[in-house]
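One letter stands for each residue in the lines below.
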Amino acid sequence: MSASTVSTSAVKERRNNSAVWLGLILAVVSLLSQGLFFLKVPGQNTLPWLSLALATVAVILVLLGVKRAFFESQLYRGKVAGSIITVVSLLLFAMTLFGFVTARKIPGTASAPQVGQKAPDFTLADTNGQNISLADLLSTPVGNAHPKAVLLVFYRGYW
Amino acid sequence: MRPVAISVDPPEVSRDLARKAGYTFTILSDPQLDAIRRYQVLHASGGPDGHDIARPAEFLVDSSGTVRWTNFTEDIRVRARADEMLAAARSIPSQREP
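The listed protein sequences derive, respectively, from chains A and B.
Everything in the first sequence is counted per the working numbering, starting at 1 for the first residue and increasing by one.
Everything in the second sequence is counted per the working numbering, starting at 1001 for the first residue and increasing by one.
The set of hints was computed from the structure by calculation and includes no laboratory data.
Computed from a predicted structure; not experimentally measured.
Computed footprint of chain A on chain B; a stretch qualifies when at least three of its residues, placed anywhere within it, have a C-beta under 8 Å from a C-beta of chain A: (1) 1009 to 1019; (2) 1039 to 1047; (3) 1064 to 1072; (4) 1076 to 1089.
Rough simulated footprint, nothing fancy, chain A against chain B, three-plus residues with beta-carbon under 8 Å: (5) 1022 to 1031; (6) 1052 to 1061.
Heads up, the beta-carbon is just placed ideally off N, CA and C, and yes, glycines get one too.
Start from the sequences, fold in the hints, and give me the full structure.
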């Protein structure tokens, strides 16, 4: 029994290291998935976590593949490719992680006006340099009626 | 519903942006962080070169000056979608002329 098992594995060709290549593809996909934010697809709140999860699975696969290449080298190919892919994938993972952390480093809003509270008044210049107050925005007609609401959109600027 | 955009960008910059992008809504400038502070949406050193800017935030204010809907993203890449904002605006009953 054991003699035939040994001879069979000696003749068997080494397998392709699919884990390493799959891991690399996932690492690239996780970085490219950042582009989905621009497409304004629904469910965007889950996207950051999805990208991070994908990138983590990618690294796990790559490390599994490279472990196989070095410690099960009679079964698996890919020592050189695996090593290069490991470096690249770890770099891609670092980029995804950095993007994740940076994009979420924003102050909390516990003290901001909440639903039901009065919106604070203000007077600011419009694009023509004219001073406009919140009261102006709420009373100046849109078409031939008062606006029923004003949507204040604070954005980061520096565009 | 009247959309109004507010940032630290000066009027000239916003005018340029509006012209290039074809925006017709009101864009206000808050370089002194006045409204930004009143609405508690300051992001200290959050901008390029460590400049103070606003963190992304939306407030829907009805004709009585009351906040009816807010949207505070936890991730600068995630933006409120137009349909979410419109749904919030539609939930405010219109006032009929007497």
